[in-house]
Amino acid sequence: MTALTDPPKEGFRLSMLLNDTRYRSYTFQFIALLALIAAFSYLGYNLVQNLAAAGLNISYKFLGEPAGYDINQRLIEYTSQSSHWRASIVGILNTLLVAVTACFLATVIGVIVGVLRLSKNWLVNKLMSVYVEIFRNVPVLIWILIIMAVFVAILPQPREFRGDNAEASMLFDLFAFTGRGFYLPKPIFTAGWAAGSTGWLVIIGLLIASFFGARAVSKRASAIQEATGDRPVTWYTTLAIWFLPLIAACIVMGLSWDIPALKGFNFKGGIYARNSFIALTFALSIYTAAFIAENVRAGILAISKGQTEAAASLGLRPNRIMSLVVLPQALRVIIPPLISQYLNITKNSSLAIAVGYMDVTGTLGGITLNQTGRAIETVLLLMAFYLVISLSISAVMNVYNNSVKLKER
Amino acid sequence: MSDNNLSFVRTEMLPEQAPPLTASGPLKWLKENLFDGVFNSILTIVALYFVWQIVTGAFPWFWNGVWTTSSLAECREVLNGATGGCFSVLTERWNQLMFGFKYPVTEYWRPTIAFLLLFVAAAPVLFFKLPRKLLIFTAVYPFIAFWLIWGGTILVPIMIAVGFVAGYMVFTRLEAQSFAMGLGGAVIAAVLIWSLQGYLTRPLSGVLALDPVPSRDMGGFMLNFILGVVCVSLSLPLGIVLALGRQSSMPIIKWICVVFIEFIRGVPLITLLFVANVVLAYFLPPGTNFDLILRVIIMITMFSSAYIAEVIRGGLAALPKGQYEAADSLGLDYAQSMRLIILPQALKISIPGIVNVAVGLFKDTTLVSVISMFDLVGMIRGPILASTAWNGVYWELWGAAILLFFPICYGISQYSQWLERQLATGHR
Chain A
1 MTALTDPPKE GFRLSMLLND TRYRSYTFQF IALLALIAAF SYLGYNLVQN
51 LAAAGLNISY KFLGEPAGYD INQRLIEYTS QSSHWRASIV GILNTLLVAV
101 TACFLATVIG VIVGVLRLSK NWLVNKLMSV YVEIFRNVPV LIWILIIMAV
151 FVAILPQPRE FRGDNAEASM LFDLFAFTGR GFYLPKPIFT AGWAAGSTGW
201 LVIIGLLIAS FFGARAVSKR ASAIQEATGD RPVTWYTTLA IWFLPLIAAC
251 IVMGLSWDIP ALKGFNFKGG IYARNSFIAL TFALSIYTAA FIAENVRAGI
301 LAISKGQTEA AASLGLRPNR IMSLVVLPQA LRVIIPPLIS QYLNITKNSS
351 LAIAVGYMDV TGTLGGITLN QTGRAIETVL LLMAFYLVIS LSISAVMNVY
401 NNSVKLKER
Chain B
1001 MSDNNLSFVR TEMLPEQAPP LTASGPLKWL KENLFDGVFN SILTIVALYF
1051 VWQIVTGAFP WFWNGVWTTS SLAECREVLN GATGGCFSVL TERWNQLMFG
1101 FKYPVTEYWR PTIAFLLLFV AAAPVLFFKL PRKLLIFTAV YPFIAFWLIW
1151 GGTILVPIMI AVGFVAGYMV FTRLEAQSFA MGLGGAVIAA VLIWSLQGYL
1201 TRPLSGVLAL DPVPSRDMGG FMLNFILGVV CVSLSLPLGI VLALGRQSSM
1251 PIIKWICVVF IEFIRGVPLI TLLFVANVVL AYFLPPGTNF DLILRVIIMI
1301 TMFSSAYIAE VIRGGLAALP KGQYEAADSL GLDYAQSMRL IILPQALKIS
1351 IPGIVNVAVG LFKDTTLVSV ISMFDLVGMI RGPILASTAW NGVYWELWGA
1401 AILLFFPICY GISQYSQWLE RQLATGHR
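From first to last, the protein sequence lines are chains A and B.
For the first sequence, counting from 1, position 170 maps to 170 in our numbering; every step adds exactly one.
Numbers in our numbering are just positions in the second sequence, counted from 1, shifted up by 1000.
I should point out that these hints are in silico values taken from the structure, not numbers from a laboratory.
The reader is advised that the hints may include incorrect statements.
[What the hints assert, rightly or not] Calculated lysine-lysine pairs in the DSBU-like style (CA-CA distance at most 35 Å, straight line):
#1 K1031/B <-> K1133/B
#2 K305/A <-> K120/A
#3 K1031/B <-> K126/A
#4 K1133/B <-> K1321/B
#5 K61/A <-> K305/A
#6 K1133/B <-> K126/A
#7 K305/A <-> K1254/B
#8 K61/A <-> K347/A
#9 K347/A <-> K1031/B
#10 K1321/B <-> K1348/B
#11 K186/A <-> K305/A
#12 K219/A <-> K126/A
#13 K347/A <-> K1102/B
#14 K1031/B <-> K305/A
#15 K126/A <-> K1102/B
#16 K120/A <-> K1031/B
#17 K219/A <-> K61/A
#18 K1031/B <-> K405/A
#19 K1321/B <-> K1129/B
#20 K120/A <-> K1028/B
#21 K405/A <-> K1254/B
#22 K186/A <-> K347/A
#23 K120/A <-> K61/A
#24 K1102/B <-> K1254/B
#25 K1133/B <-> K305/A
#26 K1129/B <-> K1348/B
#27 K347/A <-> K1133/B
#28 K305/A <-> K1028/B
#29 K1028/B <-> K126/A
#30 K405/A <-> K1348/B
Remember, it's a predicted structure, so these values are computed and weren't measured experimentally.
Just need the whole structure built from these sequences, with the hints factored in.
Right, dumping it as structure tokens:
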């Protein structure tokens, strides 16, 4: 038996799908899903029709075929007989090379400029503001093209290094800066067993070991400081840990330098960094450095003055205040935008195509696309590559953000 | 004279002495701001040297500049070995830099007027203190600009506007029943009018007609401007929808928006332009062939809408939760609470961010030169630097490009900072 006060029991009616907020969201989602499926099947249907009309199909077999074009700057072995896949890998490595170099340079320049913008020196302060504003407000493509043009126009050509009264000369007889690119001495290992990449692997292994060694030293110093209040002086141990094994390894493996020399009309030997690489890296770094400088400035300004004063009243010296109080807090503000600037550098490095640097957009999205006519496949691969890079960088950023987040209680 | 008068305490004040020379006036300023300590002095001297180098390098270049020759060779003859800029490339090719090399010369007045009217149209949006009635002109402006730049009969933009008006009227009628119904009705009414407008405009194509200019003839700085303005205005509503979708509690809609936004933000604009250039045609019905500029507008709009959506999402997240709850407690439904309570505040917070996206987008419009469209950068790299007359005039042309972009972008970012100060109504 039901009481009179019981609410009336309603069955499910169709109109509730539109009018009842409990069920309406299902209607909307269903409609959205239908619309999405309809849109995709429409596009897919068109794609199939167009491909059939053009006698094409979607296939990635072309990646295994010989590329048939040359790539003038490469980090790994590549000939024109290598496959398109190999060409893409060369392009990817070139992209990463530009991105990493430019990130490093941009951070260095950006931090210096950002700190100088806070300087009390009026002239320096204004000069840095001018730099930041000019570079931020002009398209990066224009900067890349300008720097490329300036580079080719101002630096001497290799032929000007010839003859006894040459117009140009090498710096210390080691470095040659020409309009075609920079020629730098290249370290090589003469000991038979260390030739090629083995020597470099040894060096990298030693560096990693030194890193952990140095960390152990600093941890031990901290432990002693905790226990006794005195921090032992560690800088010479650290220095020794970093450099002694390295020097020893270089001696054992017979380090010598391959110095670039003028042969005929061009330089031979050494490391050759093409002008397009240098121009692109440099342009990306100084463009992004302007943004990074603003982030750094904002980060330092975000730390309230009370923090500095409190640290001073505890008796810390100015450099300790900077390293123990201000910087750790400022970094929390600076690093997230900094990482998204790194992301921008990586994405902007695709502008390499404008100066003819063979990054992945130039090989896979440029010549491979034009030669094979496989537009859909190549562009999809290209997007997938950039997407993987972006998503992994943002994953790293999220981990970092969570680790430095203010612990609220 | 008696001894009583002798006093050893001074009875009158001494006149104030001028402060030492180094503690006042310009010298003090110099000491405090430029030569405060050894390190600062070194910095100042280095900076001064740097400025001196630039000034002495650039001054003769400007001063001896040649403005009236018709080729680089002639200019070098006039200069006769002296340092000087060949600015005559700018005077000779100015129209090409502005309008591209295909836009009919006799019609240059049309984009110029459209450009000038843009300021009138943008003013009430940018400055809240101007009379609100000016917004009517802002609403009419897109149709005027379309008519001026692309030409053709004025009936086409009028009919498109009529479609919008009809949609709005249907919306106000049906809104009382439900927001979704009003929106659906409005879309149907507008699409109906747009699909029928051809029957009216085709026979009457001579009414107030300007010479039609196809969009592949657009070029130069005008193209950058068209792309920038069109894409920002189109991506704003799209960005709002995406941001709301991402905040939505409905999982399917939320994930569609998240995937779209993250995908677009993860790839460089160039790859999207490649899509517009070579891939998009595969996904359209066979036989359709709309021109490159439209495809590029679609892709750039998608690109910037993802970024604007993220900015607006920040604005939505910054609103205190009480605002949402207050709207609910008033009994407003989702559409009403968004339109009346949430969005006005969230958009206000996000305006500076949106302006920054707009500046970035305007700069990024130069990327279309990579897919061989002739915007400002494309014109400089292509027809001008490749011509025999001006092969090798880098500094002057790129300097002009900087001078065209810098004031606009700098002005907009200064505006956004000013606006941020205006909007800072928080308690500080």
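### Task
For the pair we were handed, K186/A and K305/A, check the Cα-Cα distance against 35 Å.
Given that 35 Å is the threshold and the Cα spacing comes to 49 Å, the pair is violated.
### Given pair status - K1133/B, K347/A, alpha carbons within 35 Å
Not OK: K347/A and K1133/B at ~43 Å, beyond 35 Å, violated.
### Query
Does K1133/B lie within 35 Å of K1031/B when you go C-alpha to C-alpha?
violated, 54 Å
### Message
Just to be careful, I want the Cα atoms of K120/A and K1031/B compared with a cutoff of 35 Å; is the pair within it?
### Response
holds, 11 Å
### Task
Verify the proposed pairing of K405/A with K1254/B, using a straight-line Cα cut of 35 Å.
holds, 26 Å
### Message
Checking one constraint from the list: CA of K120/A to CA of K61/A, max 35 Å. Satisfied?
### Response
violated, 62 Å
### Query
Given the hinted pair K120/A and K1028/B, is their alpha-carbon gap at most 35 Å?
holds, 14 Å
### Query
Does K305/A lie within 35 Å of K61/A when you go C-alpha to C-alpha?
violated, 63 Å
### Given pair status - K1254/B, K1102/B, alpha carbons within 35 Å
violated, 45 Å
### Task
Would you check the hint for K1133/B and K305/A, treating anything up to 35 Å between C-alpha atoms as holding?
violated, 47 Å
### Message
Checking one constraint from the list: CA of K305/A to CA of K120/A, max 35 Å. Satisfied?
### Response
At roughly 16 Å apart (the allowed maximum being 35 Å), K120/A and K305/A satisfy the hint.
### Query
Is K347/A close enough to K1031/B, meaning Cα to Cα at most 35 Å?
Distance of about 45 Å is beyond 35 Å: violated.
Violated hints for the displayed structure, listed by number in ascending order: 1, 5, 6, 7, 9, 11, 12, 15, 17, 18, 23, 24, 25 and 27.
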